[in-house]
Amino acid sequence: MKLALRGLRLPLPRFMLEADVELQGRVAGLFGPSGAGKTSLLELIAGLRRPTAGTIRLEDRTLADVAARRFVPPERRRIGYVPQDGALFPHFSVRKNLLYGVKNGGGAERLAEIAAVLEIEPLLDRGIAGLSGGERQRVALGRALLASPALLLLDEPFAGVDHPLRGRILPVLARIRDELRVPMLYVSHEPEEILALCDEALRLDQGRIVAHGAPAEILAEPPVSP
Amino acid sequence: MKRILLPLFLLGLGFTLLAPSAVAVELNVSAAASLTDAIQDIAHDYEATSTDKILLNLAASSLLSRQIEEGAPADLFLSADEEKMDSLQKQRLILVDTRQSVLGNTLVIVVPIESRLKISGPADLESPLIRAIALAEPQTVPAGIYAKEYLKKFGMWSKVIDRVVPTENVRTALSAVESGNVDLGIVYKTDAEISKNVRVAYSVPLDVGPKISYPFAVVAASKHLAEARKFFAYLTSKPALDVFRRYGFLVLTGSGATP
Amino acid sequence: MTGDETRILGFTLGMAALAMVAILPPGLALAWLLARRSFPGKAVIETLVALPLVMPPVATGLFLLRMFGRRSALGRFVHDRLDLDVIFTWRGVLLAMAVMSLPLFVRSARVAFEEVPLRLEQIARTLGAGPAKTFVTITLPLAARGLTAGLLLAFARALGEFGATIVVAGNIPGRTQTLALAIYQLIQLGRDDAALRFCLAAAVLAFVALFISERLLRRRST
Numbered sequence: 001m002k003l004a005l006r007g008l009r010l011p012l013p014r015f016m017l018e019a020d021v022e023l024q025g026r027v028a029g030l031f032g033p034s035g036a037g038k039t040s041l042l043e044l045i046a047g048l049r050r051p052t053a054g055t056i057r058l059e060d061r062t063l064a065d066v067a068a069r070r071f072v073p074p075e076r077r078r079i080g081y082v083p084q085d086g087a088l089f090p091h092f093s094v095r096k097n098l099l100y101g102v103k104n105g106g107g108a109e110r111l112a113e114i115a116a117v118l119e120i121e122p123l124l125d126r127g128i129a130g131l132s133g134g135e136r137q138r139v140a141l142g143r144a145l146l147a148s149p150a151l152l153l154l155d156e157p158f159a160g161v162d163h164p165l166r167g168r169i170l171p172v173l174a175r176i177r178d179e180l181r182v183p184m185l186y187v188s189h190e191p192e193e194i195l196a197l198c199d200e201a202l203r204l205d206q207g208r209i210v211a212h213g214a215p216a217e218i219l220a221e222p223p224v225s226p
Numbered sequence: 001m002k003r004i005l006l007p008l009f010l011l012g013l014g015f016t017l018l019a020p021s022a023v024a025v026e027l028n029v030s031a032a033a034s035l036t037d038a039i040q041d042i043a044h045d046y047e048a049t050s051t052d053k054i055l056l057n058l059a060a061s062s063l064l065s066r067q068i069e070e071g072a073p074a075d076l077f078l079s080a081d082e083e084k085m086d087s088l089q090k091q092r093l094i095l096v097d098t099r100q101s102v103l104g105n106t107l108v109i110v111v112p113i114e115s116r117l118k119i120s121g122p123a124d125l126e127s128p129l130i131r132a133i134a135l136a137e138p139q140t141v142p143a144g145i146y147a148k149e150y151l152k153k154f155g156m157w158s159k160v161i162d163r164v165v166p167t168e169n170v171r172t173a174l175s176a177v178e179s180g181n182v183d184l185g186i187v188y189k190t191d192a193e194i195s196k197n198v199r200v201a202y203s204v205p206l207d208v209g210p211k212i213s214y215p216f217a218v219v220a221a222s223k224h225l226a227e228a229r230k231f232f233a234y235l236t237s238k239p240a241l242d243v244f245r246r247y248g249f250l251v252l253t254g255s256g257a258t259p
Numbered sequence: 001m002t003g004d005e006t007r008i009l010g011f012t013l014g015m016a017a018l019a020m021v022a023i024l025p026p027g028l029a030l031a032w033l034l035a036r037r038s039f040p041g042k043a044v045i046e047t048l049v050a051l052p053l054v055m056p057p058v059a060t061g062l063f064l065l066r067m068f069g070r071r072s073a074l075g076r077f078v079h080d081r082l083d084l085d086v087i088f089t090w091r092g093v094l095l096a097m098a099v100m101s102l103p104l105f106v107r108s109a110r111v112a113f114e115e116v117p118l119r120l121e122q123i124a125r126t127l128g129a130g131p132a133k134t135f136v137t138i139t140l141p142l143a144a145r146g147l148t149a150g151l152l153l154a155f156a157r158a159l160g161e162f163g164a165t166i167v168v169a170g171n172i173p174g175r176t177q178t179l180a181l182a183i184y185q186l187i188q189l190g191r192d193d194a195a196l197r198f199c200l201a202a203a204v205l206a207f208v209a210l211f212i213s214e215r216l217l218r219r220r221s222t
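Residue numbers (our numbering), protein chains in the order written: chain R, 1 to 226; chain X, 1 to 259; chain A, 1 to 222.
One chain only, chain R, in its complex shape (with noise of 0.2 Å):
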């Protein structure tokens, strides 16, 4: 991936977020301590959220300019988004949860695909409201994949998601980042998780970047504010 974010300012409650960096690795990690500002920063790539300054680019797309009073709405810029509790779909079942996204039919295929490397075959016919927690956590992963993202923003997808089951998840990422080789950009809280991941990670504080670089120096650096 190359995910470009130069001069770009969104003012928060309580600071001022700003990012002026490039991503290139396959998978990038997002850490930092809770309320620096990470979820913002995903919704401002997804085009959730509009920035005051700055330019946003994907790949050769441009998505934002503040500038040049561009800005590309969500449905047209191919970024999945899954955020923390999954946010599926009440009123579908969980196969038209995963096909919401597929454009005229099709992805027949695709969702076969997709549903064996998520493990979740057994639930299509299901309603979601039986789900467990691991199990929306998949279906919300694999209803951002069916839509073919250029970019897939993970936001600590996995917290609610008890610790063995963890463990089974990961292995599931790192084929989606293998087989299905979509970019990621992974926030989550456990190092080991961006470490098993990630080939590049960078540290928010109070809205701004505090680090970037290889996960395992990111890490190991000690947070700048308690």
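Take the hints with a grain of salt, since some may be wrong.
Here are the simulated lysine-lysine pairs, DSS-like style, with alpha carbons at most 27 Å apart [as the list claims (entries may be wrong)]:
| no. | chain 1 | residue 1 | chain 2 | residue 2 |
| --- | --- | --- | --- | --- |
| 1 | X | 211 | X | 238 |
| 2 | R | 96 | A | 133 |
| 3 | X | 211 | X | 159 |
| 4 | R | 103 | A | 133 |
| 5 | X | 118 | X | 159 |
| 6 | A | 42 | A | 133 |
By construction, these hints were calculated from the structure, which means they are not laboratory data.
Position chains X and A relative to chain R; hints supplied.
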């Protein structure tokens, strides 16, 4: 939701469309609410002899005149109030040559049917037995204005004013008496006659009571002036006046005016 | 019930239903704007929409009478160009019912829209759905229960509309006389038995509409 609404909608539409449509002219007649019973009978009789259809708009004279002022498509105005007609005339909204005070009414003092009160004149209203007196609102509603005028004439208004219960219109005053919530009420004779639950304790004699008259006129903006005049002529003909008389109105004009 | 009474009931139900059809598009648009957007003058629009709820209905009626009377520019235009009369016709009934019930619908619909998690709409957008598709496939179905409840509430209000109707449409038996107007007239005429029959019909209709409305709202919150 759709499944319920659609049939209802079609039902309503059907009723609207199926309403008689083969008639030559529809006349909008705005008539004071106190004329309701009589004018409904008269309209019914008229429709039997004419191809024109009479649409009655029945409400307080003040509202009816207001609607005409705003250009509502009324063809005739049958008012219970000369003042409202004066105001329309001043604005040239009625045909002056058609204006006629056709009907009269008198005031009566009514008491609940079971009441033993005896009233022989306005002076009796001072009796300590009478705690509440129902009248139509005495500032704006004709029946109330007349009642106040009458009491003033006999110097009673200031003496009973604390016991007066003003009501929205004369029929509400009548209901208040019917239910026994007030000791007596001052209403039109025509109203008293329709109720079985009140007794007329005193009829105000014609020569001492206020002059109560119902002016009728054709509305100037009417699009069916010929038909409107025709119905107006019928309203002042003997068959129509007989109906009014049957409902207790005094006839002030036309053939066979009440002496 | 006599034929006339059934006809009045049918007319009232039909007009109220038609009023609901009429307020649905502007009501949904207004409610959505108030729930999801902030714009200059929002507070003013909010207040204006709520106004018929708290103003004396007769005052709203007078306002509409002035607006659509042949003496106003709008009334003349509607009459001369479109050859339509609003005053003293079923259109006046429709207008009065629609204006008086719109605020109730907008208020409930606004709450219904506000209760749809913004997150779900955002996710739909990132999955390639534009604002229109998001509204139709996500917002509308998730708000449907609250919207239906609001519509029933407005329907019940329209059924009982009196003050604005008598001013705008007149009380014309067989033409513009609705249930509420008929009840008023029957009381005036001292025909309490017929008035009570109508009151009963009105109470049953309103009860059914409100009962369903309440149930829909209750189920949504559990």
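inquiry  = Check whether the Cα positions of residue 211 of chain X and residue 159 of chain X lie no farther apart than 27 Å.
reply    = Roughly 23 Å between the alpha carbons, so the hint for residue 211 of chain X and residue 159 of chain X holds.
request  = Sort out whether residue 238 of chain X lies within 27 Å of residue 211 of chain X, counting only the CA atoms.
outcome  = Status holds; Cα separation ~23 Å.
ask   = Quick one, are residue 96 of chain R and residue 133 of chain A close enough, alpha carbons at most 27 Å?
value = Satisfied, since the Cα-Cα distance of roughly 15 Å is no more than 27 Å.
Restraint status (C-alpha distance of residue 103 of chain R to residue 133 of chain A at most 27 Å) = 12 Å, holds
task = Decide if the proposed pair is consistent with the structure: residue 42 of chain A and residue 133 of chain A, CA atoms, cutoff 27 Å inclusive.
result = Roughly 25 Å between the alpha carbons, so the hint for residue 42 of chain A and residue 133 of chain A holds.
Restraint status (C-alpha distance of residue 118 of chain X to residue 159 of chain X at most 27 Å) = 19 Å, holds
Checked against the numbered hints given earlier, the structure satisfies every one of them.
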